[in-house]
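Keeping their order, the protein sequence lines are chains H and A.
Each residue of the first sequence is one higher than the one before, counting from 1 in this note's numbering.
Each residue of the second sequence is one higher than the one before, counting from 1 in this note's numbering.
Everything labelled a hint here was simulated from the structure, so no lab data went into it.
Cβ atoms here follow ideal geometry from the backbone N, Cα and C, with glycine treated the same way.
Watch out, some of these pointers could steer you wrong.
[What the hints assert, rightly or not] Okay, derived cross-link-like pairs now, DSS-like style, lysine-lysine, Cα gap no bigger than 30 Å in a straight line:
1) H:71 <-> H:57
2) H:83 <-> H:9
3) A:61 <-> A:100
4) H:57 <-> H:14
5) H:70 <-> H:57
6) A:100 <-> H:83
7) H:71 <-> H:9
8) H:9 <-> H:70
9) H:71 <-> A:49
10) H:57 <-> A:49
11) H:57 <-> A:100
12) H:83 <-> H:57
13) H:70 <-> A:49
14) H:9 <-> A:49
15) H:9 <-> H:57
16) A:100 <-> H:70
17) H:71 <-> A:100
18) A:100 <-> A:68
19) H:9 <-> A:100
20) A:61 <-> H:9
21) A:49 <-> A:100
22) A:61 <-> A:49
23) H:14 <-> H:83
24) A:49 <-> A:68
[Stated by the list, open to error] Selected chain A positions facing chain H (in silico; Cβ < 8 Å):
25) 32
26) 43
27) 90
28) 94
29) 95
30) 98
31) 104
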Amino acid sequence: DGGITQSPKYLFRKEGQNVTLSCEQNLNHDAMYWYRQDPGQGLRLIYYSQIVNDFQKGDIAEGYSVSREKKESFPLTVTSAQKNPTAFYLCASNIQAGTEAFFGQGTRLTVV
Amino acid sequence: AQSVTQPDIHITVSEGASLELRCNYSYGATPYLFWYVQSPGQGLQLLLKYFSGDTLVQGIKGFEAEFKRSQSSFNLRKPSVHWSDAAEYFCAVSSYNTDKLIFGTGTRLQVFP
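Chain A on its own, in the form it takes in the complex:
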């Protein structure tokens, strides 16, 4: 079955520290992969996406993610976290032959000054 796993429910980092949020997927076809961010009480905003090509993709707000097919992973990274990055982050997967996005359960990021 198609699925997305975000093993970390809650992560706390200090402002200025580096960040890595984990995402693993299970998908039969070539995956399209996405990271979204959600502030409290708001909708989801797309951070970045991977369809094909370079496995390291750059997104908005200084985020990047790397697709590793051998590990079925698409981890999100940021070299230096800002207090405004505190939010919930969702990984999602789809493909060219599917009709919907499958979301992980999310990782809540807390940033301490």
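If we strip away everything but chain H, and leave its shape as in the complex, we get:
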């Protein structure tokens, strides 16, 4: 079955450490996105990529980095520069910009 796979589902990190969240899709979608979700704030866009080897900052990119070396993969690194990293992170993709997005099941990151 086609879909988007995020791993791990739960992730614990010590303060000051970088951590990478995985997102893989087999939908043959060109565009991929990373969102952060906090209670009462909806989904906020971190980074997005419309094509391999290219990506753009979203609304809250500070303290995060991404890469898009393959069409199927769009990993997100939460760096130690992110002041408040504890959140639920969602990866999404769509076949082209503007169309409906398909979401992974999310990764809950907790900084301890």
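Fit chain A to the given chain H structure using the hints.
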């Protein structure tokens, strides 16, 4: 600026009652509109979408939504709510000439038996 407003943060209904969740958007171009549902700790699932044509669109799980251009609204409705509909609902907007979806802050639906 492009934006989506969901004025109701939390709604409580009894099982079997009708439901309407409000969504208003601000968008310069012809909008594409979406409703998503999210169960706790899960990703988002698409309920329905509007691109063009008939302004009343049918979705999954018995939901429908009506696009009203004059009111800049895309409200979600269901005639009879089931306990399994308890979740968070998000409205989103995009367009043919944009590169991202803009989401509202969500409405949490609670269903009482």
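Checked hints:
A C-alpha spacing of about 18 Å is found between residue 71 of chain H and residue 57 of chain H, which places the hinted pair at or below 30 Å, so the restraint holds. Restraint check: the Cα-Cα separation between residue 83 of chain H and residue 9 of chain H comes to about 21 Å, which is no more than 30 Å; the hinted pair holds. Under the criterion of a C-alpha separation no larger than 30 Å, the hint pairing residue 61 of chain A with residue 100 of chain A is consistent with the structure, at around 26 Å. Taking the CA atoms of residue 57 of chain H and residue 14 of chain H, the gap is near 25 Å; set against the 30 Å cutoff, the hint holds.
Of the pairs offered as hints, the one joining residue 70 of chain H and residue 57 of chain H holds, with about 18 Å between alpha carbons and a cut-off of 30 Å not exceeded. Distance hint between residue 100 of chain A and residue 83 of chain H is fulfilled; the C-alpha atoms sit about 25 Å from each other, no more than 30 Å. The straight-line distance between the Cα atoms of residue 71 of chain H and residue 9 of chain H is roughly 22 Å, inside the 30 Å bound, and the hint therefore holds. Proposed proximity of residue 9 of chain H and residue 70 of chain H is supported: the alpha carbons are some 22 Å apart, at most 30 Å.
For the given pair, residue 71 of chain H sits about 25 Å from residue 49 of chain A by alpha-carbon distance, which is consistent with the 30 Å threshold. Restraint check for residue 57 of chain H and residue 49 of chain A: satisfied, since their Cα atoms lie roughly 26 Å apart, inside the 30 Å limit. In summary, the hint linking residue 57 of chain H to residue 100 of chain A is supported, as the alpha carbons are separated by about 11 Å, within the 30 Å threshold. Taken as a hint, the residue 83 of chain H and residue 57 of chain H pair is honoured in the structure, with Cα atoms around 17 Å apart against an allowance of 30 Å.
Proximity of residue 70 of chain H to residue 49 of chain A is assessed by CA-CA distance (about 29 Å); at most 30 Å being required, the pair is judged to hold. Between residue 9 of chain H and residue 49 of chain A the CA atoms are separated by roughly 28 Å; this keeps the pair inside 30 Å, and the hint holds. For the suggested pair residue 9 of chain H and residue 57 of chain H, the alpha carbons sit about 24 Å apart, so the restraint of at most 30 Å is met. A distance of roughly 20 Å separates the Cα atoms of residue 100 of chain A and residue 70 of chain H; the hinted pair therefore holds under the 30 Å criterion.
The suggested pairing of residue 71 of chain H with residue 100 of chain A holds, with an alpha-carbon distance near 18 Å, which does not exceed 30 Å. Between residue 100 of chain A and residue 68 of chain A, the direct Cα distance comes to roughly 22 Å. Compliance with the 30 Å bound is thereby established for this hinted pair. Distance check on the hinted pair: residue 9 of chain H and residue 100 of chain A sit about 25 Å apart at the alpha-carbon level, within 30 Å; holds. Restraint check: the Cα-Cα separation between residue 61 of chain A and residue 9 of chain H comes to about 26 Å, which is no more than 30 Å; the hinted pair holds.
Proximity of residue 49 of chain A to residue 100 of chain A is assessed by CA-CA distance (about 15 Å); at most 30 Å being required, the pair is judged to hold. Under the criterion of a C-alpha separation no larger than 30 Å, the hint pairing residue 61 of chain A with residue 49 of chain A is consistent with the structure, at around 14 Å. Between residue 14 of chain H and residue 83 of chain H, the direct Cα distance comes to roughly 13 Å. Compliance with the 30 Å bound is thereby established for this hinted pair. With a C-alpha separation of about 14 Å, the suggested pairing of residue 49 of chain A with residue 68 of chain A holds against the 30 Å cut-off.
Using the Cβ-Cβ criterion of 8 Å, the hint placing residue 32 of chain A at the interface with chain H is satisfied: the shortest such distance is roughly 6 Å. Using the Cβ-Cβ criterion of 8 Å, the hint placing residue 43 of chain A at the interface with chain H is satisfied: the shortest such distance is roughly 4 Å. Hint status for residue 90 of chain A: holds, given a least beta-carbon distance of 7 Å to chain H, under 8 Å. Look at residue 94 of chain A: its Cβ gets to within about 5 Å of chain H, closer than 8 Å, so that hint holds up.
With 8 Å as the threshold, the beta carbon of residue 95 of chain A comes within range of chain H, its nearest partner Cβ sitting at about 6 Å, so the hint holds. The closest approach between the C-beta of residue 98 of chain A and any C-beta of chain H is roughly 6 Å, which is under the 8 Å cut-off, so the hint is satisfied. For residue 104 of chain A, the shortest C-beta to C-beta distance to chain H is roughly 6 Å, which falls under 8 Å, so the interface hint holds.
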